[in-house]
Amino acid sequence: MPTITIDNQNYEFEGRPRLLQFCLDNGVDLPHFCYHPSMSAPANCRQCLVDVGMPQMNRETRESNLDDDGNPIIQFMPKLQTSCSMDMTDGMVVKTHCSSDAVVRAQKDTLEFLLINHPLDCPICDQAGHCPLQNQAYKHGPESSRFEFQKVHKPKHVDLGPNVVLDAERCINCTRCIRFTSEISKSNQLTIIERGVKNYPMTPPGIEFDDPYSMNVIDICPVGALTSKEHRFGARVWEMSKTASISTVGSKGSNCYYWVKDNQIMKVTPRTNMSVNEYWLSDEERLDCDRFNKNRPTGPTVENAEVSWEMAYKAASDCLTGIDGSRALFVGSAYATVEDNYLLTKLATAVGAPTPVYLAHVEEGHADGWLKTDDRAPNSQGCERLGLHAADVKELKARITGGEVDVLYVLEDDIVAAGVCTAKQLKKVKVILHHYHTTNQTLPAADVALPAAMAVETVGSFVNGDLRAQRLRPAKSIAGVNRTLSMEIGKCRADAHGTPFDKWYNESNLVNCQPGWVSIPEIASRLGHEMQYKGPRNIMAELAESDSGFTGATYEAMGEFGVSLEPIGVTA
Amino acid sequence: METQSKAGDWRAFKRVLMPPVKDLHKLEVYEEHEGYAALREVLTTDKWDPTSVTNEMKKSGLKGRGGAGFPTGLKWSFMPPVDPDIPRFLCCNGDESEPGTFKDRQLMEYNPHLVLEGMLIAAYAMSIKTAFLYIRGEFADWITLMEGELEKAYAKGYVGQDIMGSGFSCEIVIHKGAGAYICGEESSLMESLEGKRAYPRIKPPFPAQKGVWGYPTTINNVESLACAPLIIRNGGDWYAGIGAEAHPGPVLYGISGHVNRPGVYEYPTGMLITDLIYEVAGGMRGGKKLKALIPGGSSTPILRADMIEGLTMDANSLRDAGSMMGTSGMLIMDEDTDIVAWLRRITHFYHHESCGQCTPCREGTGWLENIVTRIDEGEGNFRDLDLLLDLCTQMEGRTVCALADAAAWPVRYTIDRFRDEFEARCRPSLIPSGGVLENA
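Chains as they are written, first to last, in this note's numbering: chain A, 1 to 572; chain B, 1001 to 1440.
Since the hints were made in silico from the structure, they are not lab data. Errors might be hidden in some of the hints.
[Unchecked claim] Straight-line distance between alpha carbons at most 25 Å, and here's what the computed SDA-like set of lysine to any residue pairs gives:
id: 1; chain 1: A; residue 1: LYS79; chain 2: B; residue 2: GLY1322
id: 2; chain 1: A; residue 1: LYS79; chain 2: B; residue 2: LYS1203
id: 3; chain 1: A; residue 1: LYS430; chain 2: A; residue 2: SER525
id: 4; chain 1: B; residue 1: LYS1203; chain 2: A; residue 2: LYS154
id: 5; chain 1: B; residue 1: LYS1176; chain 2: A; residue 2: ILE193
id: 6; chain 1: A; residue 1: LYS314; chain 2: A; residue 2: GLY480
id: 7; chain 1: B; residue 1: LYS1210; chain 2: B; residue 2: ALA1068
id: 8; chain 1: A; residue 1: LYS154; chain 2: B; residue 2: ALA1178
id: 9; chain 1: A; residue 1: LYS154; chain 2: B; residue 2: ARG1374
id: 10; chain 1: A; residue 1: LYS198; chain 2: B; residue 2: GLU1194
id: 11; chain 1: B; residue 1: LYS1196; chain 2: A; residue 2: SER187
id: 12; chain 1: B; residue 1: LYS1196; chain 2: A; residue 2: GLU14
id: 13; chain 1: A; residue 1: LYS151; chain 2: B; residue 2: ASN1370
id: 14; chain 1: B; residue 1: LYS1196; chain 2: A; residue 2: ILE192
id: 15; chain 1: A; residue 1: LYS79; chain 2: B; residue 2: PHE1078
id: 16; chain 1: A; residue 1: LYS198; chain 2: B; residue 2: ALA1178
id: 17; chain 1: A; residue 1: LYS151; chain 2: B; residue 2: HIS1352
id: 18; chain 1: B; residue 1: LYS1210; chain 2: A; residue 2: ARG18
id: 19; chain 1: B; residue 1: LYS1014; chain 2: B; residue 2: GLU1109
id: 20; chain 1: B; residue 1: LYS1203; chain 2: A; residue 2: VAL93
id: 21; chain 1: A; residue 1: LYS154; chain 2: B; residue 2: ARG1197
id: 22; chain 1: B; residue 1: LYS1203; chain 2: A; residue 2: ARG105
id: 23; chain 1: B; residue 1: LYS1196; chain 2: A; residue 2: ARG179
id: 24; chain 1: A; residue 1: LYS151; chain 2: B; residue 2: PRO1071
id: 25; chain 1: B; residue 1: LYS1203; chain 2: A; residue 2: MET77
id: 26; chain 1: A; residue 1: LYS186; chain 2: B; residue 2: GLU1309
id: 27; chain 1: B; residue 1: LYS1058; chain 2: B; residue 2: GLY1241
id: 28; chain 1: B; residue 1: LYS1203; chain 2: A; residue 2: ARG18
id: 29; chain 1: B; residue 1: LYS1289; chain 2: B; residue 2: ASP1306
id: 30; chain 1: B; residue 1: LYS1047; chain 2: B; residue 2: PRO1071
id: 31; chain 1: B; residue 1: LYS1203; chain 2: A; residue 2: THR5
id: 32; chain 1: B; residue 1: LYS1196; chain 2: A; residue 2: ILE184
id: 33; chain 1: B; residue 1: LYS1022; chain 2: B; residue 2: TYR1154
id: 34; chain 1: A; residue 1: LYS79; chain 2: B; residue 2: GLY1241
id: 35; chain 1: B; residue 1: LYS1203; chain 2: A; residue 2: ILE192
id: 36; chain 1: A; residue 1: LYS79; chain 2: B; residue 2: ARG1319
id: 37; chain 1: B; residue 1: LYS1058; chain 2: B; residue 2: TYR1215
id: 38; chain 1: B; residue 1: LYS1210; chain 2: A; residue 2: THR89
id: 39; chain 1: B; residue 1: LYS1176; chain 2: A; residue 2: ALA418
All values reported here derive from a predicted model rather than from experimental measurement.
Based on the provided sequences and hints, a complete structural model is requested.
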C-alpha cells in the first residue's frame, strides 16, 4: 500500500486522496478557508500551504536515489504547495506547520494579509465564537498587524435574497458560496463582482438569491459575511446549546442541530450525514424554528378548562371506559414518533378498537429530488411499518358525520384542519386529543386535550422516506420532571450544559406538555392495561425484537446516523 | 565593446517579422512577398507533416516571446496524441498589457497576415481545427483591423474548410478581451475565453492536458506564432543562427522612455543594451545620462546604469545580471527620473490589475501601493522599506499565478538597487513598529 510521511510520521493510504482532506482525517489540523470537501478546490485562500517533497528518482533505473545511510533522498518543491489541491502520491514527504518554520511563516503571513482589510468587528459579528478566521488567527496568525492605512470599504448589510444578508467588508473571497450555487445547488445565483481587493460576492443584476437552499452559504462562509436574515443578532454562539437531531418538515429526515437558548429553538443547522443530507439543509428545514416556540399550550384541559395532568388522564380514561370498541376511532400521526404510534396501537387493541389510521400530509409537486419531499410529515413510513395506513378522508368523514363514531382519539394531529370534518360535527363525539399548538382546530371540540411534546422535546425515532430509522433527541426541556428526558438532554449536550441560558439555570419558556410515551401509558394504566416501559429506548428495543419491519432498529444501532431498514412487503 | 554583442553584424540585419514593405498589412501585398507560401508548402507538399513542423520549430530554438521564454516547439510537442473525438484548441495571446510592452500591437498592425499564417501553421502542427486570437479590449482599432484581414483571408480560402485543397481545415476566431491585465496569463485567458471571470487556474493540469473547456490547448504569444512561417520558409537552422546562441531569432524591441527615437525595432537577440539605446533609439533625450532601465516590461527587475555595461538582450546574459528578458519592452529612464514616483505608478498598476483571487496578491498589492505612496509623499519611515521587502517575501511564489511575483519584483529590486533614493525620502523612525513580526 502506498505510504506518505507527514511531519515524520508514516501513513498508509488508498486511492489518490487530496492531501488536505487526508491531513484533516488523520488529525493534522491544517488551517484552511476556501476548501470544502464537497466542492472543487480553487486554492485561492493560500492558507493550507505545506512543504512537499518527493523521493529523487534516478532517471535510468527509475528507482529512488539513496543517501549514505540508505534512505531515499527527498527533493522538496521550490515553492510551498497548497495541500487542498495536491493529490497524494506514494513516497511523498510533507512538512506542515508542526515541523517546518517556512510553513509557519507562510500561514502567519497569509493570515496577516487576510486581516488587513477585514473589519475586525468580531464583538458585533454573529460568526464570532465559531469563526474559522477568528480561530485560525488565534492559532496561527500574527499577534498584531503592521497595516497602518485605511481599510477598503465595501457595501454592508446587502439583502441578497429573502434569507441571506451580505456584509461585503467581512468577506475574504474564498468563493465557497459561489461554488455552492454553481456546483451544489446549481442555481448559479452568486458571482464575484469588482476586481482585486474590492472583490465581493453578489447576485447578477436583476437576480434575487432565492435559491431554496440559499442558507447553506451561511454555514459554509468561513467569516461573518453571509448571515441569516432570520437569526442574525438573535443569539451569540456561546449562549446556545446544540443538540444533534433530525429535521421534521419532510420525510427526508435531514440530520441537523437544534440550537437552543432559554428553551427556545433559535436556529437549525445541518449535521453531516453522508447517507442522508450530506452537508446541507434546505431553507424550509432551517427556518423551522418558530413552531416549536410559539402558540404552545399551557397545560391539559378538560372541556376547555385547564386541569391537572392527573385529572386529564382520569377524564381520558373515563371516555374510553365501557365503550363499544368498534365505535371507537383511533387516529395515529405521521408527526408522532414510532414509539408513540406503537403505544397508541396497543391502547386501541386494549379497548377493542380497530387498528388506528393516520392522516397523510402530502403536497404534490413540493419534492425537488434532493432534500424537499412531497410528504410533509416525518414519519409516514414508520406508521406504515406499524400497520397504520393512510386514512381515506372521505370514508372517515362519512363515518364521523354518519354517527358511527362515539369516541375519537387523535394523536398529535388535527383532523379538522385536515378537512375530515368540522368541529361542530364532533359535538356528539367524545374527543381525546394530543396536540402541539393552541391553534389546533380540533381543540375546540376536544373533551380532553393533552399537550404533546414536539420533536425537539421528546425522545423517539422516525423512519424517513428512504427507509432509514433515525433518532430524535430532546433539544429543549419541558415543564415538570422527567428523568428519561433529563438524562437524554444531559447526554446530547455534553458541550454546553451549564450555561446561564440553559435549563439547568433558566426555567423560562418551559412548555407544560408530555411525550406520548408518558401520557398514553398513564391513560392505559387507568383502564387497567399496564404498559410498563422504562422509556422509549425499551419500546424500540421491543419493536426491534418483535416486529420484522423494525429489525435492527434499536437506539444503540441507530446511534448518530440512523440505520437503513429492509423494505417490507406492504410498503414495497 | 562591439565584440561583446551576440547579435553579429546587426546593422546589416534585414527585418523579417516587420519587413520594410509598404502596405504589407494588405493581403495582396503580403501575397506578393511570399505571403502564405509557407502555409502552402506545409499543407500541400510531402515535405511536411505535423511532426516535422514541430521538429523544425524545436530545431529553431525559438523561445516564447510572451515573457516567460518557454521553448515554443517543446510546448507544441506537449499536446496529447490526436483523438478525433476530442477537440483541441490553439490560443494566440494578444492580450498585451504589460506596461512598457507594445510590440504585438505593431506586429498586428503592420503584418497581420504573418500572425494568421503562423496560427494556421501551428494549428496544422498540432492538428487543431479551431484557433482563437485573443486581443485585449483596449486594442479596439487593431481588433477591427485583424477582423477585416481575417475576412479577406477567409475569402481567399487561406482560412476555413479544406485550406488550399489540402483537406486541412482550421477556423480562426477573434476574441475581444474586456481590458484586464490578468487575461494575459494563459489560464485566465482561457477562463475569459470561456466567458467566465478571468481567475487564473491552478497548474497542473497544464493547458495541453486541460485547457479551454477542458480540452487540450496550446497558448502562444503573437510574436512567437509570427515566427513560425519564417522558420518554415527559411528553416530552423537559419533561425537558430540569428542572434544569441541560446536564445536565437529576430526579436521586436519595444523601446520607450527618455530616448530620442522610441519605438518598436526588429533586431536579433543578443543586442548590446548600449547599442539599442545609443544607436537604435537615437541616444538619450536631451543628452541626459542614463539612470536605469527595465529590460522587458515593468515586472522584470530594474537595472541601474552601471549594471548594463556589456550586457546583451538575451535570457542568459540578463539572468546573470539579475534581471529577465521578459517581453523585451525596454523602459529607459534618464537621470531626472524620480524612481520612487515611478515605483508608485507601477505598484498602482498591479494593485489595480490584481484579479483578487488569492489572498497574498489581493491584499499585498494594495498594501505595497499604500506604503510606496506614503514614501513618495514624504511621510514614510525607514522601517517602511524593510516592511516592503518583507511583504514581497510574503507574496512571492505563494499565489496561483505569477502576478504576485510580477508585482513584488519591481518593489524588491527597485528598493534593492536604489535604496539611497528611498532613504532620502524617508524619515528615520525612532519608534519601532508595534506590529513587526518577531521572525520578520
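Here's how the hints hold up against the structure:
1. A:LYS79 x B:GLY1322: holds, 20 Å
2. A:LYS79 x B:LYS1203: holds, 13 Å
3. A:LYS430 x A:SER525: Holds. LYS430 of chain A to SER525 of chain A sits at ~20 Å (cutoff 25 Å).
4. B:LYS1203 x A:LYS154: Distance ~31 Å between LYS1203 of chain B and LYS154 of chain A Cα, so the pair is violated.
5. B:LYS1176 x A:ILE193: holds, 20 Å
6. A:LYS314 x A:GLY480: Holds, at about 19 Å.
7. B:LYS1210 x B:ALA1068: holds, 20 Å
8. A:LYS154 x B:ALA1178: Distance ~23 Å between LYS154 of chain A and ALA1178 of chain B Cα, so the pair holds.
9. A:LYS154 x B:ARG1374: With Cα atoms ~23 Å apart, LYS154 of chain A and ARG1374 of chain B stay inside 25 Å; holds.
10. A:LYS198 x B:GLU1194: Holds, because 23 Å separates the two Cα atoms, which is no more than 25 Å.
11. B:LYS1196 x A:SER187: Since the Cα atoms of LYS1196 of chain B and SER187 of chain A sit roughly 16 Å apart, the hinted pair holds (cutoff 25 Å).
12. B:LYS1196 x A:GLU14: violated, 35 Å
13. A:LYS151 x B:ASN1370: holds, 11 Å
14. B:LYS1196 x A:ILE192: holds, 11 Å
15. A:LYS79 x B:PHE1078: holds, 23 Å
16. A:LYS198 x B:ALA1178: Roughly 18 Å separates the two Cα atoms, so the pair holds.
17. A:LYS151 x B:HIS1352: Holds: LYS151 of chain A and HIS1352 of chain B sit about 16 Å apart, inside 25 Å.
18. B:LYS1210 x A:ARG18: holds, 19 Å
19. B:LYS1014 x B:GLU1109: holds, 19 Å
20. B:LYS1203 x A:VAL93: holds, 20 Å
21. A:LYS154 x B:ARG1197: Holds: LYS154 of chain A and ARG1197 of chain B sit about 20 Å apart, inside 25 Å.
22. B:LYS1203 x A:ARG105: holds, 23 Å
23. B:LYS1196 x A:ARG179: holds, 13 Å
24. A:LYS151 x B:PRO1071: Answer violated: LYS151 of chain A to PRO1071 of chain B is near 43 Å, above 25 Å.
25. B:LYS1203 x A:MET77: Holds, at about 14 Å.
26. A:LYS186 x B:GLU1309: Not OK: LYS186 of chain A and GLU1309 of chain B at ~60 Å, beyond 25 Å, violated.
27. B:LYS1058 x B:GLY1241: holds, 13 Å
28. B:LYS1203 x A:ARG18: holds, 15 Å
29. B:LYS1289 x B:ASP1306: Satisfied, since the Cα-Cα distance of roughly 11 Å is no more than 25 Å.
30. B:LYS1047 x B:PRO1071: holds, 23 Å
31. B:LYS1203 x A:THR5: holds, 23 Å
32. B:LYS1196 x A:ILE184: holds, 18 Å
33. B:LYS1022 x B:TYR1154: holds, 23 Å
34. A:LYS79 x B:GLY1241: violated, 36 Å
35. B:LYS1203 x A:ILE192: holds, 22 Å
36. A:LYS79 x B:ARG1319: holds, 20 Å
37. B:LYS1058 x B:TYR1215: holds, 24 Å
38. B:LYS1210 x A:THR89: holds, 20 Å
39. B:LYS1176 x A:ALA418: This hinted pair is violated, its Cα atoms lying about 61 Å apart.
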